[in-house]
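Chains as they are written, first to last, in the numbering used here: chain A, 176 to 427; chain B, 34 to 400; chain C, 106 to 399.
Read the hints as simulated data drawn from the structure, not as lab findings. Possibly wrong hints are sitting among the right ones.
[What the hints assert, rightly or not] A few chain B residues that face chain C, going by a derived Cβ cut-off under 10 Å, partial list only:
hint, residue
1, LEU155
2, GLY157
3, ASP158
4, ILE162
5, PHE189
6, LEU199
7, VAL314
8, ARG345
9, MET346
10, LEU383
[Stated by the list, open to error] Pulled from the structure, derived: some chain A residues nowhere near chain B, Cβ distances all over 10 Å:
hint, residue
11, THR218
12, PRO230
13, GLU232
14, HIS283
15, HIS363
None of the values given here were measured: they were computed from a predicted structure. We put the CB at the ideal spot given by N, CA and C, even for glycine.
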Amino acid sequence: MALLEVQNLGISFGGLRAVDDFHLQVEKGQLYGLIGPNGAGKTTVFNLLTGVYKPGEGIIKLDGEDITGRSNIEINRAGIARTFQNIRLFKDQSVLDNVKIGLHNRFHYSTFEGIFRLPRYRKIEKEMDERAMELLEVFELEKEKDYLASNLPYGKQRKLEIARALATDPKLLLLDEPAAGMNPNETHELMDTIRFIREKFHMTILLIEHDMKLVSGICEELTVLNFGSILCEGETDKVLQDPEVIKAYLGE
Amino acid sequence: MKKIKLSRQSRSDLITYGIILLLSLVLFFVGQSSYQLKGLLVPVCAQIILAVSLNLTVGILGELSLGHAGFMCIGTFVGASFSIYMEQFIHIPALRFFLALLVGALSAGIMGFLIGLPVLRLKGDYLAIVTLAFGEIIKNLINMVYLGYDGNGLHFSMNDTASLGLAEDGVVIIKGPQGVTGTPADSNFGIGVLLVLLTVFIVLNLVHSRDGRAIMAIRDNEIAAESVGIHITKYKLMAFTISAALAGLAGSFYAHNYNNIKASTNNFGYNMSIMILVFVVLGGIGSIRGSVIAATVLYMLPEILRFMSQYRMLVYAIVLIVMMLFTWSPKAQAWKAVQLARCKKKLQPLTDKFRKKSSDELKKEGE
Amino acid sequence: MRFLSYLISGISLGSVYAIIALGYTMVYGIAKMLNFAHGDVIMVGGFSAFTIISMLGYPPALGVLAAIVICTALGVIIEKVAYRPLRNASSSLAVLITAIGVSYLLQNLALLIFGSSTKSFESVVNIPPLKLADGQVNITGETIVTILACIVVMVMLTLFINRTKAGQAMLAVSEDKGAAQLMGINVNGTIALTFAIGSALAAVAGVLLCSAYPTLSPTTGAMPGIKAFVAAVFGGIGSIPGALIGGLLLGVIETLGKAYISSQLSDVIVFGILIVVLVVKPTGILGRKIQEKV
Numbered sequence: 176m177a178l179l180e181v182q183n184l185g186i187s188f189g190g191l192r193a194v195d196d197f198h199l200q201v202e203k204g205q206l207y208g209l210i211g212p213n214g215a216g217k218t219t220v221f222n223l224l225t226g227v228y229k230p231g232e233g234i235i236k237l238d239g240e241d242i243t244g245r246s247n248i249e250i251n252r253a254g255i256a257r258t259f260q261n262i263r264l265f266k267d268q269s270v271l272d273n274v275k276i277g278l279h280n281r282f283h284y285s286t287f288e289g290i291f292r293l294p295r296y297r298k299i300e301k302e303m304d305e306r307a308m309e310l311l312e313v314f315e316l317e318k319e320k321d322y323l324a325s326n327l328p329y330g331k332q333r334k335l336e337i338a339r340a341l342a343t344d345p346k347l348l349l350l351d352e353p354a355a356g357m358n359p360n361e362t363h364e365l366m367d368t369i370r371f372i373r374e375k376f377h378m379t380i381l382l383i384e385h386d387m388k389l390v391s392g393i394c395e396e397l398t399v400l401n402f403g404s405i406l407c408e409g410e411t412d413k414v415l416q417d418p419e420v421i422k423a424y425l426g427e
Numbered sequence: 034m035k036k037i038k039l040s041r042q043s044r045s046d047l048i049t050y051g052i053i054l055l056l057s058l059v060l061f062f063v064g065q066s067s068y069q070l071k072g073l074l075v076p077v078c079a080q081i082i083l084a085v086s087l088n089l090t091v092g093i094l095g096e097l098s099l100g101h102a103g104f105m106c107i108g109t110f111v112g113a114s115f116s117i118y119m120e121q122f123i124h125i126p127a128l129r130f131f132l133a134l135l136v137g138a139l140s141a142g143i144m145g146f147l148i149g150l151p152v153l154r155l156k157g158d159y160l161a162i163v164t165l166a167f168g169e170i171i172k173n174l175i176n177m178v179y180l181g182y183d184g185n186g187l188h189f190s191m192n193d194t195a196s197l198g199l200a201e202d203g204v205v206i207i208k209g210p211q212g213v214t215g216t217p218a219d220s221n222f223g224i225g226v227l228l229v230l231l232t233v234f235i236v237l238n239l240v241h242s243r244d245g246r247a248i249m250a251i252r253d254n255e256i257a258a259e260s261v262g263i264h265i266t267k268y269k270l271m272a273f274t275i276s277a278a279l280a281g282l283a284g285s286f287y288a289h290n291y292n293n294i295k296a297s298t299n300n301f302g303y304n305m306s307i308m309i310l311v312f313v314v315l316g317g318i319g320s321i322r323g324s325v326i327a328a329t330v331l332y333m334l335p336e337i338l339r340f341m342s343q344y345r346m347l348v349y350a351i352v353l354i355v356m357m358l359f360t361w362s363p364k365a366q367a368w369k370a371v372q373l374a375r376c377k378k379k380l381q382p383l384t385d386k387f388r389k390k391s392s393d394e395l396k397k398e399g400e
Numbered sequence: 106m107r108f109l110s111y112l113i114s115g116i117s118l119g120s121v122y123a124i125i126a127l128g129y130t131m132v133y134g135i136a137k138m139l140n141f142a143h144g145d146v147i148m149v150g151g152f153s154a155f156t157i158i159s160m161l162g163y164p165p166a167l168g169v170l171a172a173i174v175i176c177t178a179l180g181v182i183i184e185k186v187a188y189r190p191l192r193n194a195s196s197s198l199a200v201l202i203t204a205i206g207v208s209y210l211l212q213n214l215a216l217l218i219f220g221s222s223t224k225s226f227e228s229v230v231n232i233p234p235l236k237l238a239d240g241q242v243n244i245t246g247e248t249i250v251t252i253l254a255c256i257v258v259m260v261m262l263t264l265f266i267n268r269t270k271a272g273q274a275m276l277a278v279s280e281d282k283g284a285a286q287l288m289g290i291n292v293n294g295t296i297a298l299t300f301a302i303g304s305a306l307a308a309v310a311g312v313l314l315c316s317a318y319p320t321l322s323p324t325t326g327a328m329p330g331i332k333a334f335v336a337a338v339f340g341g342i343g344s345i346p347g348a349l350i351g352g353l354l355l356g357v358i359e360t361l362g363k364a365y366i367s368s369q370l371s372d373v374i375v376f377g378i379l380i381v382v383l384v385v386k387p388t389g390i391l392g393r394k395i396q397e398k399v
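Bound conformation, chain A alone (with noise of 0.2 Å):
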């Protein structure tokens, strides 16, 4: 059974037709690429995915479970987190905090133990620490640990920014355009990355990107969205080589 299974989604603001009968199959342990030209719908299916909309309709399976049409928060209990193509920190948070947020639902103690310091806040907030700062060390973060996260170097903050998204303990991560704004040489270390936190944490990583090398670098499969509908979709290699494809890329 795939980890995520999405049949005929679509989506209309007023009257443009954002997403059209959207389909998606991603196994367990794979990393996907969802690319396709601005204005394709590509972050539109992540705010479906995610709960950010509400789907017109269409179904939305995780792991066999349907999460079609629930809220955000309940999407990401379930096992979806996501970072955003435009970076959302808490930026007057450290970093370290930045990602004990992100642990928020992983940890419990109540509000009166956290106000009077009672012996569970302190080992809980200690394991927090503890398990922010292992997170922090897979990114090289752990120097930077209290910085104000607005004042990272911006490849350090898409890299907290997918700390903190590792941190609610996903079963599938979505990265919208991580390599966005980035170097060649910072894209390339990203690529590492990526590969390293699925080696790392079995991850299932499905990702918007823009950076062809990026994608065909690292995505097992592909789907390609144009005007809110699926063009192609299929392995890396065959997908990339489709005349409609390069058409839709480059014009005619």
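We have chain A already, so just place chains B and C on it with the hints.
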């Protein structure tokens, strides 16, 4: 020797508590100098609690509330009524006062929860204006309340004293616009300082806890907070309710300093809410320490410098505007960054020298 | 018959609210900020007219003109000095708090200059009252002028926005500041013009308000200002017909509530309406919904 290692956080908190104790000491001696100044010691504690609790909403949650005085108003009238009514049953003043503070805080907290539930979906300007509206409604309604008791228990009316239908030995507690009369004078400066410490303790520890991080996450980026599974409404309500409850605590404490209190516009209306906001803004939005200092200084200063009391509000207004422009305008921020860089550059040779010197010394020590 | 006269005075009060609400709604639509000081510009208008007419003894027409000129200038200055520097600030609370500061500044300046005692304002209207139904319904000259003024303002403003280049520029700026700038529209100028018009309207409202309820103090503008904002929200903020509908409805509800329910409760009713509207339909009667892009 055992080494006690403090995190940066707890060190900063300790400094805040230290500042409060220091300020209390200064206030205590200032209060000795004249009868009038002594009369300000209880209200100034109430003001500090109000400022710190409003900062929880404005600085930590990141939403503007213009109805904070309304919550204080509830705490004042509920707390005072409780004390007056309970004087016949509870004969230990300390216990009665403690319960009155608790009841005042609880009632305001419940009100905060009930108000917050429908309105916290709103943001920014809209939330500000709705909280203002609630503050005014609370004040106006309390001005219509008549409450009294006799042998048969409590009597309540929204019309006038006569319709309370009290027996001959009955006592009127709240008399509409004339306010509540007969509150026992239980408040004093010492208790005030304790309550300030308690308030600061609650707010600071909340901020450094799991819930506090969630609240600040909502402030920084609501969409991202939702994406990591944080329940927006729950945490907004939590911050708002705690903030209201602390304002109620301040209100109840304040009430027990006066025999009679009216819910007038200056006391509990919009003006008062703005006054508290001024403390918060001038102390630095989000800085608990700043709120404590700003509330103390701004409340005491005009009373000490009597001659400027006429210009007090005018000066506050100007300072408020200048402060906002200087802190938030992108141009001013850029200017500050340039100045800071220039300063650093100028100081560079100095610090280098210092560093070299200290490293030399280290070497010597090593030898 | 009593109902009819209450209704008419409600419409008159509502007309004043509508004129003030227009200022709020235009500024909100274009600068995306709640101009808390708008109510106090009304008070400045009142005091300007009061100074010219009652203290210096010039004719009422001159007083009204002076009020308009002074308030217009004031509006533009406030925008330039206090609001413009914060237009691109990272926190939206910044400009709101600054506006509260400006509101306090104006109130306390007036307090220093004119004192806290309430002044009695000489009406600028000298039209005889209209008696209907054998004197059972009495419509004062102020009421007639207020309603007429509201109609004239509405018509002129609608024409201005739809028929002139400056008006079209306003629409463009309210839609998308960046795009308007790229199209060669002077965004700063357009926003300043909006504040100028809004403040001029506030001056008119101030004179009308003080004529109908002939008292004046530094806090005269605060309550009507807040209530007019309620009206603007009620009708749908950003919408000009919305301001008219919201203002009239609020005026009528307030007057009838005072007459039939309780005079003490009238403010509670007005604020209650605001809360219900914002909670149930935050966009008001004619407003549009804006969603944050993810």
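For this session: Could you check if ARG345 (chain B) really has its C-beta closer than 10 Å to a C-beta on chain C?
Result: 9 Å, holds
For this session: Let me know if the C-beta of ASP158 (chain B) comes in closer than 10 Å to any C-beta of chain C, holds or violated.
Result: Since chain C brings a Cβ to about 4 Å from ASP158 (chain B), closer than 10 Å, the hint holds.
Problem set entry | Hint validity - VAL314 (chain B) Cβ closer than 10 Å to any chain C Cβ | With a minimum Cβ separation of about 6 Å from chain C (threshold 10 Å), the hint on VAL314 (chain B) holds.
Exercise. Was the hint right that ILE162 (chain B) lines chain C, CB cutoff 10 Å?
Worked result: ILE162 (chain B) check passes; min Cβ-Cβ to chain C is 6 Å, inside 10 Å.
For this session: May I ask you to check that THR218 (chain A) keeps its beta-carbon over 10 Å from the closest beta-carbon of chain B?
Result: Fine: 13 Å to the nearest Cβ keeps THR218 (chain A) off the interface.
Problem set entry | Hint check, PHE189 (chain B) versus chain C [nearest Cβ-Cβ separation less than 10 Å] | Since the shortest Cβ distance to chain C is 16 Å, the answer is violated.
Problem set entry | LEU155 (chain B) as chain C interface residue, shortest Cβ-Cβ below 10 Å | 6 Å, holds
Problem set entry | Interface hint for LEU199 (chain B), Cβ within 10 Å of any Cβ on chain C | Violated, because the Cβ-Cβ distance from LEU199 (chain B) to chain C comes to roughly 22 Å (cut-off 10 Å).
Exercise. Taking C-beta pairs only, is GLU232 (chain A) more than 10 Å away from all of chain B?
Worked result: 23 Å, holds
Exercise. Is the hint on MET346 (chain B) kept, meaning its closest Cβ partner in chain C is under 10 Å away?
Worked result: 4 Å, holds
Problem set entry | Claimed clearance of chain B by PRO230 (chain A), with the beta carbon kept past 10 Å | Holds, because the least Cβ-Cβ distance between PRO230 (chain A) and chain B comes to about 17 Å, which exceeds 10 Å.
Exercise. Should the hint that GLY157 (chain B) touches chain C count as held when the rule is a Cβ pair under 10 Å?
Worked result: Status holds, d = 5 Å.
Hints 5, 6, 10 and 14 from the list above are not met by this structure, while the remaining hints are.
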